[in-house]
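For chain R, the structure is supplied; the task is to place chain E on it using the hints.
Those sequence lines, one after another, are chains R and E.
Take 1 as the starting number for the first sequence in my numbering and just add one per residue.
Take 1 as the starting number for the second sequence in my numbering and just add one per residue.
Treat the hints with caution; some may be incorrect.
To spell it out: a stretch of chain R is covered by chain E in this simulated footprint if at least three of its residues, at any positions, have a beta carbon under 8 Å from a beta carbon of chain E; those stretches are [stated by the list, open to error]: (1) 72-86; (2) 356-365; (3) 389-402; (4) 407-416; (5) 466-473.
Source of the hints: derived by calculation from the structure; they are not laboratory data.
Because the structure is a prediction, the values reported are computed rather than measured.
Cβ atoms here follow ideal geometry from the backbone N, Cα and C, with glycine treated the same way.
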Amino acid sequence: MATLTLYDTHTAHHDHAEHGDHGHHKETFLTKYVFSQDHKMIAKQFLITGIFMGVVAMTLSILFRIQLAYPDESFPLLEMLLGKFAPEGRLDPNFYLSLVTIHGTIMVFFVLTAGLSGTFSNLLIPLQLGARDMASPFMNMLSYWFFATASVIMLATFFIETGPASSGWTIYPPLSALPKAMPGSGLGMTMWLISMVLFVASSLMGGINYVSTVLNMRTKGMDLWKMPLTIWAFFLTAIVGILSFPVLVAAVVLLIFDRSFGTSFYLSDIYIAGQALPNEGGSPVLWQHLFWFLGHPEVYIVLMPALGITSEVIATNARKPIFGYHAMVYSLIGITVLSFIVWGHHMFVTGMNPFLGGVFMITTLIIAVPSAVKTFNYLATLWRGNIRFTPAMLFAIGLVSFFISGGLTGIFLGNAALDINLHDTYFVVAHFHLVMGSAAIFGMLSGIYHWFPKMFGKMMDAKLGYLHFWLTFISAYLVFFPMHFMGLDGVPRRYYAFTEFESMSEWLSVNKFITWSAILGAVAQVAFLYNFVYSIFWGKKTVQNPWESTTLEWTTPVEHLHGNWPGEIPTVYRWPYDYSKPGSDVDFISQITPLSETMSSNLPHDFEGNEESERIQLDWEKQNNKELVK
Amino acid sequence: MKILKYINIKSAFAFIALISLFVNNLFAQAATTAVATVIDAEEKNAYVPKMVTYYLLLFLLVCIVIALIGKILSVYDLTKKVQGAKEGFSWDKFNGFLFLAFLVVGLYGTYWSYTVQGAQILPESASEHGVKIDEMFNLTLIITTIVFVITHILLFVFSFQYSYSTKKKAYFLPHNNTLEKYWTVIPAIVLTILVLMGFFTWRDITNISPDGIRNAIHVEVTGHQFAWEVRYGGKDNLNGRKNYKLIGGLGGLNSLGLDLSDKKNYDDLTVTEIVLPVNKSVRFNLGSKDVLHSFYMPHFRAQMNCVPGMSTSFQFTPRLTTADMRDKVNDPNFNYYLLCAKICGGSHFNMKFAVKIVSQKEYDKWIVAQKPLVTAAMLKSYQEGLAKKETTVATNKIALNN
Chain R
1 MATLTLYDTH TAHHDHAEHG DHGHHKETFL TKYVFSQDHK MIAKQFLITG
51 IFMGVVAMTL SILFRIQLAY PDESFPLLEM LLGKFAPEGR LDPNFYLSLV
101 TIHGTIMVFF VLTAGLSGTF SNLLIPLQLG ARDMASPFMN MLSYWFFATA
151 SVIMLATFFI ETGPASSGWT IYPPLSALPK AMPGSGLGMT MWLISMVLFV
201 ASSLMGGINY VSTVLNMRTK GMDLWKMPLT IWAFFLTAIV GILSFPVLVA
251 AVVLLIFDRS FGTSFYLSDI YIAGQALPNE GGSPVLWQHL FWFLGHPEVY
301 IVLMPALGIT SEVIATNARK PIFGYHAMVY SLIGITVLSF IVWGHHMFVT
351 GMNPFLGGVF MITTLIIAVP SAVKTFNYLA TLWRGNIRFT PAMLFAIGLV
401 SFFISGGLTG IFLGNAALDI NLHDTYFVVA HFHLVMGSAA IFGMLSGIYH
451 WFPKMFGKMM DAKLGYLHFW LTFISAYLVF FPMHFMGLDG VPRRYYAFTE
501 FESMSEWLSV NKFITWSAIL GAVAQVAFLY NFVYSIFWGK KTVQNPWEST
551 TLEWTTPVEH LHGNWPGEIP TVYRWPYDYS KPGSDVDFIS QITPLSETMS
601 SNLPHDFEGN EESERIQLDW EKQNNKELVK
Chain E
1 MKILKYINIK SAFAFIALIS LFVNNLFAQA ATTAVATVID AEEKNAYVPK
51 MVTYYLLLFL LVCIVIALIG KILSVYDLTK KVQGAKEGFS WDKFNGFLFL
101 AFLVVGLYGT YWSYTVQGAQ ILPESASEHG VKIDEMFNLT LIITTIVFVI
151 THILLFVFSF QYSYSTKKKA YFLPHNNTLE KYWTVIPAIV LTILVLMGFF
201 TWRDITNISP DGIRNAIHVE VTGHQFAWEV RYGGKDNLNG RKNYKLIGGL
251 GGLNSLGLDL SDKKNYDDLT VTEIVLPVNK SVRFNLGSKD VLHSFYMPHF
301 RAQMNCVPGM STSFQFTPRL TTADMRDKVN DPNFNYYLLC AKICGGSHFN
351 MKFAVKIVSQ KEYDKWIVAQ KPLVTAAMLK SYQEGLAKKE TTVATNKIAL
401 NN
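This is chain R alone, in the form it adopts within the complex (with noise of 0.2 Å):
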């Protein structure tokens, strides 16, 4: 810890002279706490925004759980809450619909993207990096104002006439480019489609700014094989958003155009309530491909990051250097540039030509490789470690758990032959909800308890962090895992009911059970969001360096200050896992410490072929009669 302390503080006022007018103008609580430019500002925003967006998805799903598990059932509360959503204490179907929709977008877009990428790339990439700030403060601060003004777009569809966009989050048209099909498809979906623009818009500058930072603005000696892998993650994540939301965007527009300006991107040969539509040769399959192009890099956008999250977390409180750090970065790699060539995978069944299908078949399950690679790399980096149970690490593990189960049915369902049959059934459901909500969600709880301190200088209440993940973990199962078997038993997804089919009768017990257990997960939150305010306010302070890791971030002062650290930015001179090393008295070596420091544990490929350090070793060991450590 004691070379973590060694700054010459004297320097700040030089350094930050040359840095502009950082810390010096006055500060208000407008440019501090709303309009921030600070990353780390910024990030908090990012947070605490996607949190509120995730406790109301959570409840939106509560709400349809209900539904589903008691369809004959009135409950006078929802009336009172709902008023003409829910007449006669029940659901009103459409608006069934609307809460799948709005809590499959909100979830995907607002909590697992711009929660999860927007927190904890702004926070990470300048502190991990040894960056004063982002590489545009400004396009920073304008990414969170887009992303909040969608959120309130989106929200803001609850309150009107018709009810909030109800064709489900990929908004499939017809259905949702005519608002005679459904009450949804009124001013909710043009609310809708506005709102995702402001949100890609907010995406696009978010993800320009971490590829330009990661680029650009790294401290002396972090050269790329010496980020983190958050940093990668963050990085590729990025690069993936940046190639794909465009697309989203376009589609949007011309569904837009479809909508209001009576083209026929989307539209041909409708006949819809006593009318036969003008619009000829358009494809609804045109919005698929467009959707899916985005919407499958999406899931990586989402799960990337969270696995680079666990990356760290693993390794540090491991006490061991990640496993395969190299096979680490290439599996993301790879993963990032398959990605953009599987999309078609949600389209087995909609009458693509049949022989894309096999294509679309084989890039699907390539992509399996990395992933399996990962997965193995996290067992090996646990094998022989020396874990430390934080609630981190303990999200962490329910990540690697949530990311095997859903993992492998994604390859029944990357499977064409067997899609047909599973194809917009519940273990679809099933499959998502497990590889990347479950996982992406425990990815960002990992984070937030992991970064807290550095974000708040707090820390959080561990055991409640404990009893928080032990009711999440087990009822994020036992609400997911019997959904396979419904699947299998031909139920699809998006049903206000199952009472219309008598074979489906016999999945209600199972229905009930599963809402709650989603109650229970539901309030199992409380004592996250309760440890998380508290803890900013009264929990106790942090040390600089609480989990004793070896990056950069925690070498800045709790204190945050514009420019994240006092003096100069320190040089890196070594990779981010050496925890464990042996030679080593201490079990974690920071990015900082020179090699010069640590004679007695360096190994040979620490010098990458530099001859000069390896002589230099090899005088000391001789010296001090040591072999060099092969």
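Just chain E now, kept in the frame of chain R:
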């Protein structure tokens, strides 16, 4: 000590809150009994606030219990430290143990799910290609289950075995390229096998020879909000031309938009349930009038979207009659059905259509009893329309000549 004091104040507050809520409730109860003449709706919902209060109280109680347990644990920890034990309660060991327990319970739960809920899934495939799909499913299931069990055993056993101790040091193992190679190549090989199997099965299902298509029974299924319309090809086994702009024409009778200038339409049959002979290939030509629907017959492992403006199809051969299946699943009320699997609006959950597989003999008997889709009334309306058109054309001509 400070913390102790704080907790006491908190629990005191909680108790006050509890008591006040109870009192409030009593008053509320008294109030409802006093005012007996409330209107129906209000009376019906009067218990709601009370119910909510009770649940909130229950939740509060649980929170207090949890807080108390937390308190007791920290006191226990403190006393242990005071007594001079080096370490208090080891939460690392505790969590490691919980992971082990989770593994045991979880594996049992998985086994239970596989056997109990696994028994509730679809019966064996009623179609020929479905048998191949099921075989591949079972193979994939076996492989993935093995991987699932092994990786989870490793994950949770490692978590238990290597939980933190001050006495040991983690083993520094940054990489091992041989291992990496193994777990890149082995999954790659297994996946290649699965991909190839899947690819050929998929091609078999989707690539049907022109002869195969011609010889199949042609059935057209059109989805709309929220029902299915089914027509058989009739004697020529071909469905006549349609045009969506004609829907609702012929005095509102033309629900599919049949183009009656196409003679192939005249022998097409309308049905109220899909009846098919066993062991004979059937080709479903699919369409939609309004939004996307998905033609899904789970027992036959058959699914294909119905797309407005685009014709899709799915061809398969049923292999078990309804009667066969009733024997197999031991349920005399069993019936096949067609449902919608693509979100299509408010009544998406209610688009059932009956399907029956029978012997060739029964099918032949059934098909002759089916009515033509083009009724006499439709034909009359069509001819009237034609006549009117001719006269307008004629008058136009006269007008032009003048």
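Hint check:
1. 72-86: This one holds; 4 residues, not fewer than the three required, reach chain E with a Cβ under 8 Å.
2. 356-365: The restraint on the segment 356-365 of chain R holds, since 5 of its residues have a Cβ under 8 Å from chain E and three suffice.
3. 389-402: holds (count 5)
4. 407-416: holds (count 6)
5. 466-473: holds (count 4)
This entry satisfies every hint, going by the numbered hints stated previously.
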